[in-house]
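Engineer: Here are the chains, one letter per residue:
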Amino acid sequence: MSGNQSNVDSVQSRRVTWEGCSVLLDINDGDRLVFSRLTENSTLKIGKKNYSLRPLIGCPFGSLFQVEYGAEGSKLSRLLRSAEVSNIEDNGDYQPVEEHRDNRELVDNNKAQSLSGEDIEELRRQGATGDEIIEALIANSATFEKKTAFSQEKYRLKKQKKYAPRVLLRRPVARSICETYFTKYPARIGFMRVDTLSLLLSMANVAANSDILVVDMVGGLLTGAVAERMGSGYVCNMYLESSPYPMDIVRMFNFGDEICKRIVRTSLSDLCSVQNDPSEQMGHDVSATANSSNEQMCSHETLTEPSGMEEIALPSENEVSKCKIPKAGDKASQETIDLWKANGFSSLIVAAPELDTWNTVKDLMPHLSHSAPFAIYHQYLQPLATCMHRLQSEKMAVGLQISEPWLREYQVLPSRTHPCMQMSAFGGYILSGVKICNPESA
Amino acid sequence: MLALDPSKKLSFNKTIADGDLVIVYERHDTMKAVNVSEGSVFQNRFGVFKHSDWVGRPFGSKVYSNKSGYVYLLAPSPELWTLVLSHRTQILYITDISFVIMYLEIVPGCLVLESGTGSGSLTTSLARAVAPTGHVYTFDFHEQRAASAREDFERTGVSSVVTVGVRDIQGKGFPDELCGMADAVFLDLPQPWLVIVSAAKMLKPDATLCSFSPCIEQVQRSCEALRMNFTDIRTFDVLLRAYEVREVKNDSMQGHGGSPSQQPPCKRRQTSEGSNKQESISSTIMARPSAEAKGHTGYLTFARLKCSE
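Protein chains in written order, with the UniProt record's numbering: chain D, 1 to 442; chain S, 1 to 309.
It is worth saying that the hints were derived from the structure and are not from the lab. It is possible that part of the hints are untrue.
Pairs of lysine to aspartate or glutamate, EDC-like flavour, derived with a Cα cap of 20 Å [to be verified]:
{"#": "1", "chain 1": "S", "residue 1": "Lys294", "chain 2": "D", "residue 2": "Glu409"}
{"#": "2", "chain 1": "S", "residue 1": "Lys9", "chain 2": "D", "residue 2": "Glu258"}
{"#": "3", "chain 1": "S", "residue 1": "Lys62", "chain 2": "D", "residue 2": "Glu394"}
{"#": "4", "chain 1": "S", "residue 1": "Lys9", "chain 2": "D", "residue 2": "Glu335"}
{"#": "5", "chain 1": "D", "residue 1": "Lys395", "chain 2": "S", "residue 2": "Asp5"}
{"#": "6", "chain 1": "D", "residue 1": "Lys184", "chain 2": "D", "residue 2": "Asp31"}
{"#": "7", "chain 1": "S", "residue 1": "Lys294", "chain 2": "D", "residue 2": "Glu404"}
{"#": "8", "chain 1": "S", "residue 1": "Lys306", "chain 2": "D", "residue 2": "Asp26"}
{"#": "9", "chain 1": "S", "residue 1": "Lys249", "chain 2": "D", "residue 2": "Asp26"}
{"#": "10", "chain 1": "D", "residue 1": "Lys327", "chain 2": "D", "residue 2": "Asp257"}
{"#": "11", "chain 1": "S", "residue 1": "Lys50", "chain 2": "S", "residue 2": "Asp5"}
{"#": "12", "chain 1": "S", "residue 1": "Lys62", "chain 2": "S", "residue 2": "Glu38"}
{"#": "13", "chain 1": "D", "residue 1": "Lys159", "chain 2": "D", "residue 2": "Glu135"}
{"#": "14", "chain 1": "D", "residue 1": "Lys395", "chain 2": "S", "residue 2": "Glu26"}
{"#": "15", "chain 1": "S", "residue 1": "Lys14", "chain 2": "D", "residue 2": "Glu258"}
{"#": "16", "chain 1": "D", "residue 1": "Lys48", "chain 2": "D", "residue 2": "Glu135"}
{"#": "17", "chain 1": "D", "residue 1": "Lys331", "chain 2": "D", "residue 2": "Glu409"}
{"#": "18", "chain 1": "S", "residue 1": "Lys9", "chain 2": "D", "residue 2": "Asp338"}
{"#": "19", "chain 1": "D", "residue 1": "Lys395", "chain 2": "S", "residue 2": "Glu247"}
{"#": "20", "chain 1": "D", "residue 1": "Lys75", "chain 2": "D", "residue 2": "Glu105"}
{"#": "21", "chain 1": "D", "residue 1": "Lys161", "chain 2": "D", "residue 2": "Asp131"}
{"#": "22", "chain 1": "D", "residue 1": "Lys261", "chain 2": "S", "residue 2": "Asp5"}
{"#": "23", "chain 1": "D", "residue 1": "Lys161", "chain 2": "S", "residue 2": "Asp232"}
{"#": "24", "chain 1": "S", "residue 1": "Lys306", "chain 2": "D", "residue 2": "Asp29"}
The task is simple: from the sequences and hints, build the whole structure.
Structural biologist: Encoded structure:
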């Protein structure tokens, strides 16, 4: 099947970067995360310098880059496998050795290192690599030998991050995009943690060849994650008022034309309108103007984003048209809307902190197909409790459950395994259930 | 269960037909998978239900027994299937399943390897995630369990995207024919560290691996084995806490209602400012966490294959 082939190709080709693609840059092993777009002129600031991202174009996702100091100044250059092995953590045969050292004599008086800042600069000018500088620092440290093995590792890692920073080229997918936003700008995604997002997708039975109704007021993260998991079928991004909600995060997913065409917008009034109804005319006009003003709004947002997302290197208008970045979020065609009216949506996901939960669900339920599952996300428990109670008393759904996911990460290292010191205490609540037929109308 | 092509979308499948798989819902914790067959009956404490009454009804319908008891007939999904399938082994539930699929970055078109198959709980969700153009190769060393799994996949309609193999993955590793083709590998084995090298050969560069182990010692050994060829090694555990919701009526309405959820009033309650002062009935909806929760299922360790070259 030709469809088969292009689908396989797209999964394959997404493993190597191309000019104009969106990437997630991981600097120093998660210390700093930056979304960027790889163009001729895009740069990344590390320390006080701006480094061109051109060396990253055409490389496989997962490639590691390190700042290299050369005759023409410093640039990002690709670290190949063999160079990485020197990292201490890669020692597969680590034998736990009895540690006799401890920190009883260690005095933190800032006098241990005999190399000065100028000395280091001089070494750089002479062409020393980042790793050589680190070795020099270790050799000139009065206290290094007295540290425990673990402490030495920590020291080395700290110096490496400063003098030989590394940049990992990561693929933006639902997981990495959600994690990054949750770490940096959680409010923009309504504090939706990655395990919560994954539950929404499962509970709402997100799958290929479906029609999924989404109310996304979390910047487009939900819409993008649903579209990514579907591949085909429609994601209907619905707005309940006069203008669509922003969907900028969708652009980071690197969706091709095929998927972008399947992310469509419609207003509730469009969906509800009856043929030949004068209100339909109005409904269309409202959404038409809303759409064009939304396009303006989108481009405005593009330009003003940098103040909030100061780390994003956004392309200029010329670059956008040159790279032909496909756009999602076109208005749904009347044909598609008619299909939805006839058959209903196969499931519903709502993440709308600013709307009244019960009223929203009440308005949308009639548009769901029979036995359709739904998942409602909220930061606050009360709106979900009220909604669940109403759904129960009005016998609109079964299998109702309010869940709160809990996620804990562990550090697993020889003799140093324990849960991580930092933990997210909160990732939101979910109300899930399955729509049933109203017995009265059966 | 899956819409494998656009002409067979889930929303088009409205009414129950002879031979369909339905999920009979009695209560949130009492559900059963039933294949509809003209002439058959379904029996439970609410009475006897004739399948012939079900045929032609829409999914999601309420159906009655000979004793006026009722159940709901729901359309099957991987989530519901996980709750009703027969346990031949301990299974994974939705919390772990959903996190695994997200973290392994599985999308339609992916090729996923799994060992062991167990009761096929995760496998069914993996099938959904890769359909219609991807594939799941799942292996179990127990021939009977592999056969039961194959039957289940036929029953739920996912067999075209799942291949079950009988193979001792710990002893032999994954088959050579799949070298370099996998987008993701999932391991639920007693000694997963024995399989890491083989898994690394199966995976494309930067592709993902997950190992599920109940014990921390297993996790430690797996992580050590992973460090050679894998990066971005992270270990988590995920749990779900459920909440109960109750309506408490204002105690000045004592003796008013008949709703089974009404709590006997115990304290005088101040009605909030926003409530309708005109209405004589006022109630508060309250939520609290359920008393019981699952404490632990297993640790999930994820990793990515290092880029070579």
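Engineer: Now tell me, hint by hint, if it's right for this structure.
Structural biologist: Comparing the hints with the structure gives:
no. : hint                : result
1   : S:Lys294 / D:Glu409 : holds, 17 Å
2   : S:Lys9 / D:Glu258   : holds, 18 Å
3   : S:Lys62 / D:Glu394  : holds, 14 Å
4   : S:Lys9 / D:Glu335   : holds, 16 Å
5   : D:Lys395 / S:Asp5   : violated, 33 Å
6   : D:Lys184 / D:Asp31  : holds, 11 Å
7   : S:Lys294 / D:Glu404 : holds, 13 Å
8   : S:Lys306 / D:Asp26  : holds, 15 Å
9   : S:Lys249 / D:Asp26  : violated, 53 Å
10  : D:Lys327 / D:Asp257 : holds, 8 Å
11  : S:Lys50 / S:Asp5    : violated, 32 Å
12  : S:Lys62 / S:Glu38   : holds, 18 Å
13  : D:Lys159 / D:Glu135 : holds, 9 Å
14  : D:Lys395 / S:Glu26  : holds, 14 Å
15  : S:Lys14 / D:Glu258  : violated, 28 Å
16  : D:Lys48 / D:Glu135  : violated, 23 Å
17  : D:Lys331 / D:Glu409 : violated, 41 Å
18  : S:Lys9 / D:Asp338   : holds, 15 Å
19  : D:Lys395 / S:Glu247 : holds, 16 Å
20  : D:Lys75 / D:Glu105  : violated, 41 Å
21  : D:Lys161 / D:Asp131 : holds, 11 Å
22  : D:Lys261 / S:Asp5   : holds, 18 Å
23  : D:Lys161 / S:Asp232 : holds, 17 Å
24  : S:Lys306 / D:Asp29  : holds, 14 Å
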